[in-house]
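Using the sequences and the hints, build the whole thing.
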Amino acid sequence: MKNLANLNLSNVIKIILATLFFLCIADMPYGFYQLVRFAALIGFGILAYQANQQHREREMIIYGGLALLFPPFFKIALGREIWNIVDVVVAIGLLVSIFTKPTAR
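Residues in the sequence shown are numbered consecutively from 1, following the numbering used here.
These aren't lab readings, by the way, just hints derived from the structure by calculation.
On a predicted model such as this, the values are computed, not experimentally measured, just so you know.
From the three backbone atoms N, C-alpha and C, an ideal C-beta is built for every residue, glycine too.
Please note that a few of the clues may not be correct.
Using C-beta positions, here's what the derived DEER-type ranges look like [said to hold, decoys possible]:
no., residue 1, residue 2, range
1, Leu69, Val12, 19 to 29 Å
2, Met28, His55, 34 to 44 Å
3, Gln53, Met28, 30 to 40 Å
4, Glu57, Tyr30, 32 to 42 Å
5, Gln34, His55, 28 to 38 Å
6, Asn8, Gly79, 20 to 30 Å
Here is the structure:
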């Protein structure tokens with residue numbers, strides 16, 4: 001029952017984004033990657049706003065930077081292999097952040 005209490009909006013966003021980033025490893029149609037970039041911009045924007053509201057500056061900067069890393073309006077050409085690494089690292093970071101206690105700074 002305690003696990004359900006941890007399922008707030010931030011954690012739901014993190015789980016959805018992590019799932020999308022893990023799916024990016026598969027060979028998907030280009031439209032899927034565009035959807036992921038839009039979802040990342042919106043999701044990381046919400047997470048950055050929430051972190052700012054809770055005076056967690058470090059998290060706000062990280063989420064803001066991640067929102068800029070996945071721009072939906074233009075493509076950052078890093079190559080498929082590098083994007084796969086970025087996607088996995090970000091997805092794992094999101095999942096880890098669910099289980100760690102945030103600190104205010």
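How the hints compare with the structure:
1. A hinted range of 19 to 29 Å holds for the C-beta pair Leu69 and Val12, which are about 21 Å apart.
2. Against the hinted window of 34 to 44 Å, the Cβ-Cβ separation of Met28 and His55 comes to about 38 Å, which satisfies the hint.
3. Against the hinted window of 30 to 40 Å, the Cβ-Cβ separation of Gln53 and Met28 comes to about 34 Å, which satisfies the hint.
4. Against the hinted window of 32 to 42 Å, the Cβ-Cβ separation of Glu57 and Tyr30 comes to about 36 Å, which satisfies the hint.
5. Hint check: Gln34 to His55, Cβ distance near 34 Å, so the stated range 28 to 38 Å holds.
6. Taking the beta carbon of each, Asn8 and Gly79 are about 36 Å apart, not inside 20 to 30 Å as hinted.
Hint violations for this structure: number 6 only, all remaining hints satisfied.
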